[in-house]
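Colleague: For the record, the sequence lines run as chains W and D.
If you count the first sequence from 1, position 71 lands on 71 in the working numbering, and the numbers rise without skipping.
If you count the second sequence from 1, position 47 lands on 47 in the working numbering, and the numbers rise without skipping.
Quick caveat, the hints were computed from the structure, so don't treat them as lab data.
Any given hint could turn out to be false.
Computed beta-carbon distance windows for the label pairs [as the list claims (entries may be wrong)]:
1. Leu-186(W) x Arg-275(D): 55 to 61 Å
2. Lys-186(D) x Asp-155(W): 29 to 35 Å
3. Lys-428(D) x Asp-155(W): 50 to 56 Å
4. Ser-468(D) x Phe-35(W): 49 to 55 Å
5. Thr-151(W) x Leu-48(D): 26 to 32 Å
6. Cys-256(W) x Arg-207(D): 55 to 61 Å
7. Arg-187(D) x Pro-237(W): 34 to 40 Å
8. Asp-155(W) x Leu-48(D): 35 to 41 Å
9. Asn-195(D) x Gln-122(W): 42 to 48 Å
10. Asn-135(W) x Lys-428(D): 37 to 43 Å
Stretch-level coverage of chain W by chain D, calculated; a stretch enters the list once three of its residues show a Cβ under 8 Å from a Cβ in chain D [said to hold, decoys possible]:
11. 105 to 116
12. 245 to 256
It should be emphasised that the depicted structure is a prediction, and the values quoted were computed from it without experimental measurement.
Idealized CB from N, CA, C, for every residue including glycine.
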Amino acid sequence: MMLSRVAERIYWAARYLERVENTARLVSVYDNLLFDLPRSVNIGWFNLVIINSGSELFFERYRVQDERNVVKFTLADDTNPSSMLSSLTMLRENIRTARDVLPSEAWELVNELLLFARNNIQQGINRNGRHAFLNGIIEGCQGINGLLLGTVSRDATWHFLRLGCNLERADMTTRLLDAGAAVLQLSDDNDTTNLSQIVWGNVLRSGSAYMAYRRTMRTTVNGSDVAHFLLSDEEFPRSVGYCLDQVRSATAKLPCAGKPYPAIKPQLPKYDIRDSDSLNADFRDYLNDQQLMLAETHNHISSNWFAND
Amino acid sequence: MSIDWKQYDSGGFFDELISSPGNARAPARKLANYLASLEDEELEKRRLMAEATIQEMGVSFTVYTEEGNIDRAWPFDLIPRTISRKQWDKTAAGLKQRLRALNMFINDLYHDQNVINDGIIPRHLIENSANFRPECVGVSPPHGVWAHICGTDLVRDSDGEFYVLEDNLRVPSGVSYMLENRAITKRVLPELFENDNIMPIDDYPARLFDTLAALSPRKVKQPEIVVLTPGIFNSAYFEHAFLAQQMGAELVEGSDLVVNEDDLVFMRTIDGLTRVDVIYRRIDDLFLDPEVFQKDSVLGVPGLMRAWKSGNVALANAPGAGVADDKVIYAYVPQLIKYYLDEEPLLPNVKTYLCENDKDREYVLANLDQLVVKPANESGGYGMLVGPHSTKKDQAKFAELIKGNPRNYIAQPTLALSTAPTLVDNNKLEPRHLDLRPFILQGKDTYVTTGGLTRVAMKKGSLVVNSSQGGGSKDTWIVDTEAK
Numbered sequence: 001m002m003l004s005r006v007a008e009r010i011y012w013a014a015r016y017l018e019r020v021e022n023t024a025r026l027v028s029v030y031d032n033l034l035f036d037l038p039r040s041v042n043i044g045w046f047n048l049v050i051i052n053s054g055s056e057l058f059f060e061r062y063r064v065q066d067e068r069n070v071v072k073f074t075l076a077d078d079t080n081p082s083s084m085l086s087s088l089t090m091l092r093e094n095i096r097t098a099r100d101v102l103p104s105e106a107w108e109l110v111n112e113l114l115l116f117a118r119n120n121i122q123q124g125i126n127r128n129g130r131h132a133f134l135n136g137i138i139e140g141c142q143g144i145n146g147l148l149l150g151t152v153s154r155d156a157t158w159h160f161l162r163l164g165c166n167l168e169r170a171d172m173t174t175r176l177l178d179a180g181a182a183v184l185q186l187s188d189d190n191d192t193t194n195l196s197q198i199v200w201g202n203v204l205r206s207g208s209a210y211m212a213y214r215r216t217m218r219t220t221v222n223g224s225d226v227a228h229f230l231l232s233d234e235e236f237p238r239s240v241g242y243c244l245d246q247v248r249s250a251t252a253k254l255p256c257a258g259k260p261y262p263a264i265k266p267q268l269p270k271y272d273i274r275d276s277d278s279l280n281a282d283f284r285d286y287l288n289d290q291q292l293m294l295a296e297t298h299n300h301i302s303s304n305w306f307a308n309d
Numbered sequence: 001m002s003i004d005w006k007q008y009d010s011g012g013f014f015d016e017l018i019s020s021p022g023n024a025r026a027p028a029r030k031l032a033n034y035l036a037s038l039e040d041e042e043l044e045k046r047r048l049m050a051e052a053t054i055q056e057m058g059v060s061f062t063v064y065t066e067e068g069n070i071d072r073a074w075p076f077d078l079i080p081r082t083i084s085r086k087q088w089d090k091t092a093a094g095l096k097q098r099l100r101a102l103n104m105f106i107n108d109l110y111h112d113q114n115v116i117n118d119g120i121i122p123r124h125l126i127e128n129s130a131n132f133r134p135e136c137v138g139v140s141p142p143h144g145v146w147a148h149i150c151g152t153d154l155v156r157d158s159d160g161e162f163y164v165l166e167d168n169l170r171v172p173s174g175v176s177y178m179l180e181n182r183a184i185t186k187r188v189l190p191e192l193f194e195n196d197n198i199m200p201i202d203d204y205p206a207r208l209f210d211t212l213a214a215l216s217p218r219k220v221k222q223p224e225i226v227v228l229t230p231g232i233f234n235s236a237y238f239e240h241a242f243l244a245q246q247m248g249a250e251l252v253e254g255s256d257l258v259v260n261e262d263d264l265v266f267m268r269t270i271d272g273l274t275r276v277d278v279i280y281r282r283i284d285d286l287f288l289d290p291e292v293f294q295k296d297s298v299l300g301v302p303g304l305m306r307a308w309k310s311g312n313v314a315l316a317n318a319p320g321a322g323v324a325d326d327k328v329i330y331a332y333v334p335q336l337i338k339y340y341l342d343e344e345p346l347l348p349n350v351k352t353y354l355c356e357n358d359k360d361r362e363y364v365l366a367n368l369d370q371l372v373v374k375p376a377n378e379s380g381g382y383g384m385l386v387g388p389h390s391t392k393k394d395q396a397k398f399a400e401l402i403k404g405n406p407r408n409y410i411a412q413p414t415l416a417l418s419t420a421p422t423l424v425d426n427n428k429l430e431p432r433h434l435d436l437r438p439f440i441l442q443g444k445d446t447y448v449t450t451g452g453l454t455r456v457a458m459k460k461g462s463l464v465v466n467s468s469q470g471g472g473s474k475d476t477w478i479v480d481t482e483a484k
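Chain D extracted, bound-state conformation (with noise of 0.2 Å):
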């Protein structure tokens, strides 16, 4: 036995692959014959492959849990999920533009605020924002970018067509396993490598390090660039230190940084204090500085946002650029776009009613029952209510949720996400809903990553795809089906 194209029906949904039953999708279209003859036998050997290069290459990620935190081996689906790169140039086109202007909104925000001068954002919004930071005002970072590296979740709907769902401008996560996907794929089914024109993805670490050598204060060759984690007990801990050892940068923790009476930053080595010029931060905002934000952090840094205003460090990204990814701002990005840039968004919003204004209130409130409602502030996929998936009494409880604090919620149509034939029990291949993470990074240029991060809900029907909620990954196939 072994893969029956005919057999697959995607019930409806588009499906990444598979067109119609017996039809794969013309990037497919070689992955697909190669499946389908492999025996099973076969197949389940790629899979156990698979599952023992994951524990050998130890990629992991922390699950917090009641009982401690358990480091789990990384969720990781065998069959590849294709893209044409045709239509990537484009989406990476639309990426680009959108965190162009959200770089520039934020830079607005901070000095003179015409864009709510000018009417385009109410100025309540802002003030009200959690992630608004008063202390970050008039400060000038480096090329003007406050968000260097963002994480953007695109889904494709029915029509076929990517939306944009989110921007993650703190500090997004996965980039690492989108690496070692492509790591653990060309392990496992290295046959399909040499026969189609799958785009490679591995200069990522080197562009984030350039990106970030650009925003040193100190123009020196060789500028100290460092990865501060919060430590090994943080989920994505695997990833902090995959990409310091990627870029060749020291992975420092809070304690081993130091800001002196210059407003200079320093880091204990065994040969002294050094002077460190750019931080790659992977710690939120508020535990930054405990001279600043949170008192008891002792994660951060005692000092740092001194050096950083100060212009004697760069940070990457900037503190307070999580103001746009505020998901109430993100129903305005496609007008910021035309505001800041004068272009027609390359890529379009999912429809978003916004709790605060009352029409889209009421609209909500009457259909919590077909709407997928979101908190402003969250993410992990924490705190949202699935309504075609909820009971009446979730139903009840966000309403009251929504009437409470209307500012701080949203909601969207839910989508029909599209699907990809995903390995399930048996080796039988069933659809699962996916969506698609692309990182981009901005500062002297600007860069958007082959594809991104794939990620799965591996539970039939199930449209969570946060690998803290179950959630699986596949490795994301840009292929150039034009090339010769």
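Isolated chain W (complex conformation) (with noise of 0.2 Å):
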């Protein structure tokens, strides 16, 4: 038994919880990346504001792209709804909604992540303290989800938890892929198999995808063997496949009214990838399909279970 307003509090903060760790992870890839790359590439810290579809909301605030801006902007400013900050506050919205669902536990870890964030969050602006700073939020979301994944009941708290988790991850590794292909469309580098190398290995870093794609794919870093790694790889948990089959087993064993309701299936448009050259112009818009799909389950999702009437 579940009301419908709390199935849906959990599920977005589920959301939430992922969008924090994932925006962590990202500025901290980042980073790394960006020491990396040639000075020739033009490319900047701007495209963190790109990935995350936030140019609009960042020129209203914003005149100059430069990196304490770009920063500011992605972790700290209350004004952006998908800023580091604002994700965490609304996580702790959520889980204060969800309180009598949620282990109690949850509400004080919580709590104390956002007293850290708060506090320390000059640290993650300036650039020498940046790195602790963002592992400090990055094993806090750990240490919630760690929580979750001890405690929870696999009853419908939890069902709820994998839709909300799985389709925010899926979305940000589509957000990672793009960033990839975009630095690579818009650098005017001829060395592109060293640049090539780079910024794929950070799009796998960027989703604690390196090993990963190492043991499984056993090959050196390239373009579409990443593409077909975070896309459809069945066993690593941040593929865009492994997360949908997810959304797919979760939303099978959610009721409807009582009567079985047949499993959500996102159905991924397909795209050919066969080589690095596979990965142009089009391979960006397939992947904006992909999110467009996205936001499609979502609103099932919503019309099946959150509708309150």
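The two chains are supplied separately, each in an independent frame; assemble them into the complex guided by the hints.
Modeller: Below, the structure is given as structure tokens:
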């Protein structure tokens, strides 16, 4: 038995939790990436804003697209609803209003994490303390995830947590791939092999996928294999295919007004990746279609279980 | 430097911990020795630890201000307040007796009104009561009980006796803070729990659950119990969520519930509609059901009164129970105890002047600078005049208010409220005034919390303990000094 309203809040708590971690991860990887890129590559911090579809809002607030502004916008800006701090605040609000079904430690951990983030946010904006700060955030998120994994009964609560987490993850993975493709597309550097290595290596790292990729694919880092891996690997928990499979199995276990309801099967549009040349503008359109499909899945979930009448 | 109890002086007030400079009362002895053994730095460390714990536990309450609602950390004083078990047992018996009589009184008012017909309570008092609900006449809730959860405010006067200051029978709050205060103290001063016989308090949520479950109209093994909250912007939302979680009940808002044409209550769930048996409502009567009370209320549930009257759902507290926490009715409670139970009251009332009685009113108007004047139906410490702390202008304003609506005002002598050592700036201990709110449950059985919520006026000399007005709180220990 679960209230529709509570189901919705749990789902969003999981989405925001995932978003906080992913945002922290993304900034952290960018920090590394930009040190490694050759100077001739004209890619800057602003790409981070583009990945998160935040350009319009960014320009309402800032003129200069420099590191400080981008990082501030991405981590700390409370007028940016997808900034890490905004997501963390929303995570807390959702847990606060679903406290009666989540373990009470989840509430304490999220309070601690928000306090930590607020008290140390300046470290995240300044470069020298950034690594430690972001690590603190990521560890905090993992702590909460670990708590949920170890204590939540595998009932509806768990399934809605899984839905939120996996949809958000899949969405982020498509954005990471898009970021990689964009860098290479926009670069005017001639030595593309070396650049491609750096870029795709960092795409993998932002998804914590580097080790898993090496062990599964048993090949060097190259665009088409990275894309295959992050889109359709069946075992890696952050691949789009794996996440969608989790969405399928979670929805299959949820009731709908007492009647069994056919599981939501997000349909993956087909796109043929043959080699690195396939990761072109069409590929980016394809990733965009995937994001639309994920949004559609969200609407489906919402009308099935959250609609309040 | 550390605490020197010889330097602590309560200034003539009855002090909860210290009987005379340097001498702790029996239940506080171990505590006082322990505190004196702590160096200043250690005490400061514990104080900071308590602060951090409150933030991490997210213990908060909402203050309504003109700039919007502020979620504030719960104000907590590290030094516990102690009461001996022997004295507490006596007090608890008095509280149970009082609530039993009050429930018989409410039930009588909504049925035969013998208490009026027998001339104990004047009829016009009830007819003019803001909290008498004609909609409830003739309804018979289970066990004849209307007020299932009661928060009674007790104060100790200079003679060291507990007096009842008021009964809160509508939607009393504070019990979650009582439980959280203990949780904080256990984390911050764990050593004390090893050596002292401090009685546990944590069975309250289970007792509340049992009380509510016994009200279920359906005799099923697992009745569906919900806590109905006005929502996240309510000052007590923290408590609503806390109690729902502790009881394993659903925390619902009005929009989560629906009443069908058969007068049954359901909640909207991912399985569709699910029947609800018992509602622990934390919404005032007048917002409960827009079909019957305030038409524009969006907090309540249309049809809820129909369902309750048909006996298809239990409401705790029952609508209309507030008729007995009118401060004018309060003055009659000792008589009600004799009338309904044929017993002598175990707990005394504070001397109360009813402004509607000519003689009382004359006395009150002549002594406004010494009395505490309260409106009959306010809570939270609002709309009060504390005579000795008031200006001539305040007194003149209240004189007009009283003359304009005497039925709505009572007055009481300004009590010499007891004090307890409280940490103030620089980790010094100073006496601060306090009260005590135990919670009493009545359904099939009656139950009283072991102790209650101690509220402290944090400002020097102040008598206002309400958290909305700068009050703080303390953990309350019932100590068994005779246990082996």
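Colleague: Hint by hint, say whether it matches the structure.
Modeller: A quick look at each hint next to the structure:
1. Leu-186(W) x Arg-275(D): 55 to 61 Å: Between Leu-186(W) and Arg-275(D), where Cβ atoms are some 60 Å apart, the hint holds.
2. Lys-186(D) x Asp-155(W): 29 to 35 Å: holds, 31 Å
3. Lys-428(D) x Asp-155(W): 50 to 56 Å: holds, 52 Å
4. Ser-468(D) x Phe-35(W): 49 to 55 Å: holds, 54 Å
5. Thr-151(W) x Leu-48(D): 26 to 32 Å: holds, 29 Å
6. Cys-256(W) x Arg-207(D): 55 to 61 Å: Since Cys-256(W) and Arg-207(D) have Cβ atoms about 37 Å apart, the given range 55 to 61 Å is violated.
7. Arg-187(D) x Pro-237(W): 34 to 40 Å: holds, 36 Å
8. Asp-155(W) x Leu-48(D): 35 to 41 Å: holds, 40 Å
9. Asn-195(D) x Gln-122(W): 42 to 48 Å: holds, 45 Å
10. Asn-135(W) x Lys-428(D): 37 to 43 Å: Cβ of Asn-135(W) to Cβ of Lys-428(D): about 41 Å, so the range 37 to 43 Å holds.
11. 105 to 116: holds (count 5)
12. 245 to 256: Our answer is that it holds, as 3 residues pass the Cβ test (under 8 Å) against chain D, meeting three.
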